[in-house]
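Novice: Next come the chains, spelled out residue by residue.
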Amino acid sequence: MASLKDLRVRIASVKSTRKITSAMKMVAAAKLRRAQEAAEAGRPYAERMERMLTALTASLPTFQGAPVLLAGTGKDDTHLLVVVSADRGLCGGFNSNIVRETRRRILALRQQGKTVKLFFLGRKARDALRRQFSDAVVGGVENLTRNGVSFDAGREIAGKLRDMAHAGEFDVCTVIYNRFKSVISQEVTGQQLIPFPVPQKTEAQVAAEIAAGPKATYIMEPSEEEIIEALLPRNLSVQVFRALLESYASEQGARMSAMDNATRNAGDMLGKLTLVYNRTRQAMITKELIEIISGAEAI
Amino acid sequence: MADKVPFELVTPTRLLVSELVDMVVVPGGDGDFGVLPGHSPLLSTVRAGTVDLHDGGKITARFFVAGGFAEVTPERCTLLAEEAAPVAELTRADADQRLAAARKLGEAAKSDGEKQDAAAALAAAEAMLAAVQAHG
Numbered sequence: 001m002a003s004l005k006d007l008r009v010r011i012a013s014v015k016s017t018r019k020i021t022s023a024m025k026m027v028a029a030a031k032l033r034r035a036q037e038a039a040e041a042g043r044p045y046a047e048r049m050e051r052m053l054t055a056l057t058a059s060l061p062t063f064q065g066a067p068v069l070l071a072g073t074g075k076d077d078t079h080l081l082v083v084v085s086a087d088r089g090l091c092g093g094f095n096s097n098i099v100r101e102t103r104r105r106i107l108a109l110r111q112q113g114k115t116v117k118l119f120f121l122g123r124k125a126r127d128a129l130r131r132q133f134s135d136a137v138v139g140g141v142e143n144l145t146r147n148g149v150s151f152d153a154g155r156e157i158a159g160k161l162r163d164m165a166h167a168g169e170f171d172v173c174t175v176i177y178n179r180f181k182s183v184i185s186q187e188v189t190g191q192q193l194i195p196f197p198v199p200q201k202t203e204a205q206v207a208a209e210i211a212a213g214p215k216a217t218y219i220m221e222p223s224e225e226e227i228i229e230a231l232l233p234r235n236l237s238v239q240v241f242r243a244l245l246e247s248y249a250s251e252q253g254a255r256m257s258a259m260d261n262a263t264r265n266a267g268d269m270l271g272k273l274t275l276v277y278n279r280t281r282q283a284m285i286t287k288e289l290i291e292i293i294s295g296a297e298a299i
Numbered sequence: 300m301a302d303k304v305p306f307e308l309v310t311p312t313r314l315l316v317s318e319l320v321d322m323v324v325v326p327g328g329d330g331d332f333g334v335l336p337g338h339s340p341l342l343s344t345v346r347a348g349t350v351d352l353h354d355g356g357k358i359t360a361r362f363f364v365a366g367g368f369a370e371v372t373p374e375r376c377t378l379l380a381e382e383a384a385p386v387a388e389l390t391r392a393d394a395d396q397r398l399a400a401a402r403k404l405g406e407a408a409k410s411d412g413e414k415q416d417a418a419a420a421l422a423a424a425e426a427m428l429a430a431v432q433a434h435g
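Going line by line, the protein sequences match chains A and B.
If you number the first sequence the way this note's numbering does, the last residue is 299 and the count never jumps.
If you number the second sequence the way this note's numbering does, the last residue is 435 and the count never jumps.
Worth flagging that the hints you see were computed from the coordinates, not collected in a lab.
Cβ coordinates follow ideal geometry from the N, Cα and C atoms, glycine included.
Accuracy of the hints is not assured; some may be wrong.
Away from chain B, derived, C-beta distances all over 12 Å, residues of chain A [as the list claims (entries may be wrong)]:
id, residue
1, ARG8
2, SER13
3, MET26
4, ARG48
5, LEU56
6, ALA71
7, ARG146
8, VAL149
9, LEU245
10, THR263
11, MET269
12, LYS272
13, TYR277
14, GLY295
Selected chain A positions facing chain B (in silico; Cβ < 10 Å) [to be verified]:
id, residue
15, ALA41
16, TYR45
17, MET52
18, ALA55
19, ARG88
20, ALA108
21, LEU109
22, PHE151
23, LYS160
24, ASP163
25, ALA167
26, MET220
27, GLU224
28, ARG234
29, VAL238
Turn these sequences into a full structure, and let the hints steer you where they fit.
Specialist: Structural data, given as structure tokens:
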């Protein structure tokens, strides 16, 4: 049985842990709210970008000779996985879910005889995977989300991806990130960036479009090719930015619920420890009394 | 057909403007163009410059944009800009600082992609300076 002093030290340490976790929870909640607002504010841009891009790709007859960012290299041999994780831990299963999904994908792709390259956004996934797949790592960026997510960060990363695409360093580029479903649940999502996934139309949709008559065609200025040329890199930035935003919001959500749990557990533990402490204290008082009484009787 | 154009200026971080105006003048990639209600459908690149909103026969607002895209349909005009700000909020010092940063970027650029980025940054900075000088 632990002595009273040991118990007191234990209780004090659990108390301070509980203070820390509940403070972290508050911070995560505040950051989460800001992240959600940012995600909300970024939505109109992404939506309109998508609308323009769909209008454009619909007017393109074929992908022959289309830019690399749209059509890819036409091959399917080298896959670049962009893994978005957090820079810090203490956020429940957030990072390990990403790592597990990435590992699964790498192994599946290697099984099919493809080459895999890894690009890390955020420190945690890199730390977890670089030993096992050291030959596949081609780069990474850290400390992206220290002060929230900025669009410039998205643009910079998109610039790197674009340069790699033009240099022919990969054929397919997929970004893996935690999609924000709700505060308590995140979903690991893989989204293909390059080649640009054009939504496949079903036969019914095509028939409906023909029935609806020809769509208003846009005048393109300066020219269709130039617009696509300029639009694609921007779209890439937007997609990366969106993945970063979602991941950041998910991270804060995950941290908030993890810290909430930790705070509750600390509370439970404190209750138990206090109980043991009081019992021990009472047992000692009883023991001392018995000693005194039996001493008095013996006289 | 309404006699006003619903105009939207959207940046990645927020919806900056959404209002009804008589006419918008957009700095298109091939030259400025004005959008009145009932304009035929148009997709255009936008170069760095200023966007003017005209209402009631005079310019009601001026915005600096650092390049982007415009989508025009008979019903509306949407401008997607990577970056935008009301000209009134810009200062000469900001523009100068930006110009210096863009020049530095240009000197550091190595790959084709980086050179393109630097050229775009330089154009944006110059346009910003011009906007500040003309209207600031």
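Novice: Does each hint hold? Answer for all of them.
Specialist: Verification of the hints:
| no. | hint | in the structure |
| --- | --- | --- |
| 1 | ARG8 | 52 Å, holds |
| 2 | SER13 | 43 Å, holds |
| 3 | MET26 | 25 Å, holds |
| 4 | ARG48 | 6 Å, violated |
| 5 | LEU56 | 7 Å, violated |
| 6 | ALA71 | 18 Å, holds |
| 7 | ARG146 | 17 Å, holds |
| 8 | VAL149 | 10 Å, violated |
| 9 | LEU245 | 10 Å, violated |
| 10 | THR263 | 33 Å, holds |
| 11 | MET269 | 43 Å, holds |
| 12 | LYS272 | 48 Å, holds |
| 13 | TYR277 | 53 Å, holds |
| 14 | GLY295 | 80 Å, holds |
| 15 | ALA41 | 4 Å, holds |
| 16 | TYR45 | 5 Å, holds |
| 17 | MET52 | 5 Å, holds |
| 18 | ALA55 | 7 Å, holds |
| 19 | ARG88 | 24 Å, violated |
| 20 | ALA108 | 31 Å, violated |
| 21 | LEU109 | 26 Å, violated |
| 22 | PHE151 | 4 Å, holds |
| 23 | LYS160 | 9 Å, holds |
| 24 | ASP163 | 4 Å, holds |
| 25 | ALA167 | 8 Å, holds |
| 26 | MET220 | 5 Å, holds |
| 27 | GLU224 | 8 Å, holds |
| 28 | ARG234 | 7 Å, holds |
| 29 | VAL238 | 6 Å, holds |
The structure fails to meet hints 4, 5, 8, 9, 19, 20, 21 from the earlier list, while all remaining hints are met.
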